[in-house]
Each structure stands twice: as C-alpha cells, then as structure tokens.
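Q: With the hints as extra help, turn the sequences into a complete structure.
Under UniProt numbering, the very last position in the sequence shown is 730; numbers go up by exactly one each time.
One or more hints might be untrue.
As the list claims (entries may be wrong) - Below, in silico cross-link-like pairs of lysine-lysine (DSS-like), each with a Cα-Cα straight-line distance of 27 Å or less:
| hint | residue 1 | residue 2 |
| --- | --- | --- |
| 1 | K312 | K273 |
| 2 | K552 | K475 |
| 3 | K634 | K47 |
| 4 | K484 | K97 |
| 5 | K348 | K399 |
| 6 | K458 | K447 |
| 7 | K165 | K227 |
| 8 | K243 | K165 |
| 9 | K105 | K730 |
| 10 | K312 | K399 |
| 11 | K146 | K104 |
| 12 | K227 | K147 |
| 13 | K348 | K401 |
| 14 | K484 | K115 |
| 15 | K165 | K182 |
| 16 | K447 | K595 |
| 17 | K42 | K643 |
| 18 | K686 | K643 |
| 19 | K275 | K182 |
| 20 | K340 | K273 |
| 21 | K146 | K182 |
| 22 | K67 | K43 |
| 23 | K165 | K278 |
| 24 | K458 | K442 |
| 25 | K401 | K483 |
| 26 | K69 | K165 |
| 27 | K243 | K69 |
| 28 | K147 | K370 |
| 29 | K182 | K105 |
| 30 | K475 | K104 |
| 31 | K370 | K146 |
| 32 | K550 | K595 |
| 33 | K201 | K212 |
| 34 | K146 | K165 |
Derived by calculation from the structure, the hints in this document are not laboratory data.
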Amino acid sequence: MKTKLVYFFIIFTIFFVACKTDTDTEKTKSIEHSSIKPPIAKKIPEKLEAHDDIRIDNYFWMRLSDKQKNAEIPDAQTQDVLDYLNAENEYKNIAMKHTDSLQKKLFDEMVSRVKKDDASVPYNDNGYSYYTRYEEGLDYALYCRKKLDDTNKEEIILNGPEMAKNHSYFAIGGRSISINNKLLAFGVDTVSRRRYVIQFKNLESGELLSDKLENTSGRAVWANDNKTLFYATKDSITLRQDKIYKHVLGTDQSQDELVFEEKDETFLCFVYKSKSRKYIMIGSDQTLSTEYRYINADTPNGEWKLIQAREKDLEYSVDHYDDHFYIRTNLNAKNFRLVKTPISSTTKENWIDVIPHRENVLLQNFEIFKEHLVIQERVDGLRTIRVMKWNGDNDHYIKFKDPAYVAYPTTNLDFNTNILRYQYSSLTTPTSTIEYNMETKKETILKEQEVLDPNFSKDNYTSERLYATVRDGVKVPISIVYKKGIEISNNTPLLLYSYGSYGSYGSSTEPFFSSNRLSLLDRGFVYAMAHIRGGQEIGRHWYEDGKLLKKKNTFTDFIDCGDFLVSEGYTSPDHMYAMGGSAGGLLMGAIMNMKPELWNGVVAAVPFVDVISTMMDETIPLTTFEFDEWGNPKNKEYYEYMKSYSPYDNVEAKAYPNTLITTGYWDSQVQYWEPAKWIAKLRELKTDDNLLIMDCDMKTGHGGASGRFERYKRTALSYAFMMDLEGMKK
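A: Right, dumping it as structure tokens:
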C-alpha cells in the first residue's frame, strides 16, 4: 500500500506541474530535478547464497517471467513492477521536461539529415537484382527486386509499411528465396523478443502460403528442390537456438523432422548454405568451440556428415570451393589461419595452410570467388582487405587514407566475378558502398550516404588516432573526431564511448560515421572511441586480456583513456561524459563505481549490470552461452571475481555522476529488471543530488524502437541529457 502511495505522489506531482498556468511556463522549463520527488521502490529483502557468501537483494521482486508479462490480467507482482517502471518514466519526463524543445530540435535535425526516399544499392542474385527502398513519410522499408533482363519492372516482394500496421513493434528477419525464384521465406517479430514466425509467399501470385513456422531464429535455408527448408528453433525459456528442423512445404510444422539437436546448453546451433549453393551446413557455436556438419543441397534427405568434432578451445568456420572446404581456424593459431581440406577428408589432420598464422595480424574472415580469395584482416587495430588470386599472384591490400576507419566486404553473392563489393566509413566520411575490380584495382563508388545538410562537408571535421598508455604499460588506441575550429581545452565537452567485449557478441568498437553524431560535433563536443581490451581490435590477445579473470582490464583501460584525455587537455572531469550499451552498459556501471568523479554524466544503454544473479540463472537467455565470456559463478573463483566488479553488487553510499539509463520491457538480451534494480539501488544509496533517470520503453526490446526514425527519439534524449548538463539550450 505504501508503494502505491509513492507512485500516486509521483504522478500527482507531474500532473500538478503539467497543469500550471501560462504565467508559470518559464518556471516549469527551468524546474530542477532536485525539487521533484523521485520514485522510491519498495524493498523486499531476498537472501541469495552461494559459496558460503550471502548477498541481500532488496529489489529481486522486480523480476517477472514471460508468462507474467504476457498475462491479460496482471497479478499483484506484475502490477507493482509496471507501476514502478511507469513511475520512473514519468519522473524522467518531468525531470527532462525543460529539454523538450531541445529534444525535438535534435530529433528534427537527425531526421532532416536522412534522405526520406532512400534506397539501398542493388545486388544481383540468380537472375534478379534485389534492393530495399523507403518512401517519404514511411518508417518501414519496401523489399523489392527486378529481373536483370527487365529492369523496368519492379516487384515489391514485401511491403514493410503495410505489414507493420497495427503493430507497436515490427521487424522482418531473414529473407530467403528458392532456387527457382518463385517462393520467399521470411521471418516476422512483432514483440521484440527475437522469436520469429517464418512465413512463405508465392512471388508469382502474391499469395501467402498457409505454412507457418513458430518460435524460430527468423531464417530459413532452401534445399535445391524448391520445397524443402531447414530452420532453427529456440528454447521457449532461454531463447537459445537448440534445434534444427526440416520442413516440406504444404505440411504442418508439427510434422517437421528434427535433424539436429544441440543438447549442450553452452552451445547454440544455426543453419546456412555455402556460397557455392552446393552444401547446407549446420553449425554449433560456443564462445571457444565450434562444430559443423553438412549435406548436399541436392539431397535434403541425405545423411549429415561431420567436418570436425568439437574440441575445447578449437574454433573454425567453413565455406566451400571446388573440391575443398575452406576453413578459418584457431588451431595452432591464436590469430587464426586459413586452411583447406578435401571434401572426402575433412578432419583437422587433413587441414593444409592457405594463409598461415601471423603473430601481428588477426584473420577475421574470408570471401571466395572463382578467381580470387579475399581476406579480412586486422592490423594495428584497423580492418584491412587483402585480395589475391588463387595462384598467389596479384596479392595486395586495398588502400585507405583516414587515420581511423572501418572497411569490410558486404553482399558478394556472385561467385563468378572479378568485382568485390565493400563498404567504407570513417569518423568523418559517410558510409560508401564501393565496387573494386580485383584485377585492375579500379574503384567505383556506387553510393555514398547522403547527409541532407547544406552545411555538411567531411572537410569540416578532424579525425585523430591517439594512444593512451594504461596502468600496466599497454598502449590503447583512441579514435577522436571534432569540428575544425573548436577550442580544445579543459572546458571542452567530450563524450567517450566504448563497448569492450568481443566473444559471442562478435563486435569490436569501430570508428564509423554517424550523421546523428553531427548534432554533438556541431555544438562543440569532441567524440572519442576507446578501443579497450575485451574487443579484438589489436588481435585475439586483446580480447583474451579483457575477459574472464582479466575482465577488469576493460574497465581500467576505459578509465585510463579518460584520464589520458584530461591530461592531454581535451577536456576535464567537469565536462567529460561516458556512454556504452549492453556489455558496454556493464562497462558504464563498473567505471561509475570505480571512479565516479571522472565523469560529469554517464549514459548506460540496456546495461548488463546484475552480473552474478544473471549468470547464476541458466533459464535467462544467453547465460549458458556466455560462461566462456564472463565465467561461471558456480565456480567460486569466478563468483568472487564477478562480485568484485558487478555494478549492481558494488553500488555504495557515495557520490555518483549524473546518469541516464535506458532499457526495454521486452528486452531478451538484457532483461529490463537489471537496469530497474540498479537505478533503485543507486537512488537508495547515492549521496549526491545529481540527476538519475531511466527511460524504459514499454513496447520494445534490446534494439529499441523498430521504426526508421522513431529510434532517434532516444538518441535525442541522450544528447539532450548531456547538452543540458553543459548548459546548452539549443
């Protein structure tokens, strides 16, 4: 009952302020958050015990099951959680109300820079040209194709705007077309839990088939008979992809044959087709181990054959060319090497080097063409693209000019071509799609991202690559961008961003262009990316030195990069901000606990902050899959190490920076209750009067809003939060 009264008081306060007379308008705009009563969450102590250690979690009650969330009539616990989340949203609204006009201005700026009737660069596949395009005023894409011999006639194969009607969230997953070009399989998610329903469309008649495949990854793989497909389903609780089924068109899903089940809860499974279209592959993947099996795509009822049995710490990935499988592997190669093996003899003793291991070069991926091999490598923290003929001739790297950039091959479905398509971007250069002739080395820019701002020029901005020597002597790269002409001093506002995790996430912090970021740069902000350990920027050791029992390197690297930027005169603690999301949100929580005085403000997006409780609970999505990333707290050594840095468990009575936390009620990656519990505990213990707010989107999940422009509203909120702390009104 007391909790209900607190919520009522918050809502009444907001209603009272909103109903002030016109003469009070200016006062309303300048109202300070310290004069508003924040939500106070009720405390129900929950005793959590492991390894003879006891933790008391006063906010454990905030966790709801999917069943509770989906119930038509909320139970008492569900209603209490909803009341609390809504109260936090209302408090955020009133605390940030004086920035409403700034948020709108920022949102309008971001939208205005984007071409409203934009279209992707078409790619060719099996006699058709495929592309997506937007129509002005619409949030969702049209998925289209044209016959290569009749490019005047457009087919709209999926009408995103029509399909998204009456859905608060809508996302199309994988799209796969049969070999005869007549049938489309596509996934749809209307909840934001990444549990897709695969549907089928006859592209000749336009009709939707009756077949529906529930609870899938969203992707289907066609056999070459145009009627048989393979797809992955998810565990209904953990959402782990654990089974591969075979479906024959015209039959009910209940009749589908289970062809593979991944019973090891630390692995997930998936299915794909080789670029040659000759083989269908099932992969099993764990952070430190993989396994593949295959069948001929012409014989979907055939027997699956194993390539190499799984082994601890053995990773490999597979594609096909001619009479061999080509395999990227870490076997005797920390930074990976490329090998080949005869299709008739696929186990590791038959693997022969194509690109040997190198100590200072990370082999990230490869692309196979009839005449050429393309290698994605990472050297000195930056991606490179290496091109060579199969006989080793004309071995060269594509040259790039920016001090910090990102470049990678994109859609290259055509096997028999000398043209490589790749994308290029830097902190100052909008994303370009480029075709590169691998024989002549001639480049053609097919499209450069349009920035619809008459004042924009990439020459107006400066990019730098710095190196901070951190506390153990390691040099950590920092990529920086700012507008030419701004004064760099200890009064300069600076935003430092990082992610700091690779492993199962597959991500390093890349120096890419963002038109949204111009709203910060044009107002005098410096934007910096810290390429801290935990990613793979400098090689596989960079990742290994930032995980498991070395995870704290990630946090101290980020802090030391911040200290370095202050010592070099780029900013000061009064004007420095930190931002990170998901695993990067864990980074934010840790650096707030470890050195809160270094940051004037922190934006923690969908933050993974309740590390021990989440990793102890194997029913939560991603938990078992990530033991090799974070460790298993059922092991005492990992438990104690996690406890020493887990943001939620280390909140204490002290001053914290101004903080904005974002989350989504339907988030399957980082459940909403982690940030909700965290803000409640921060508010309970912090000793300062700094702003502490949370934006919980009640309709979406980990990736935020699904609409093309709707997601910019949260970006505008984040920017307004920092600008307001800098006294910027417009």
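Q: Looking back at the numbered hints, which does the structure fail to meet, lowest number first?
A: 4, 5, 7, 8, 10, 11, 13, 16, 23, 29, 30
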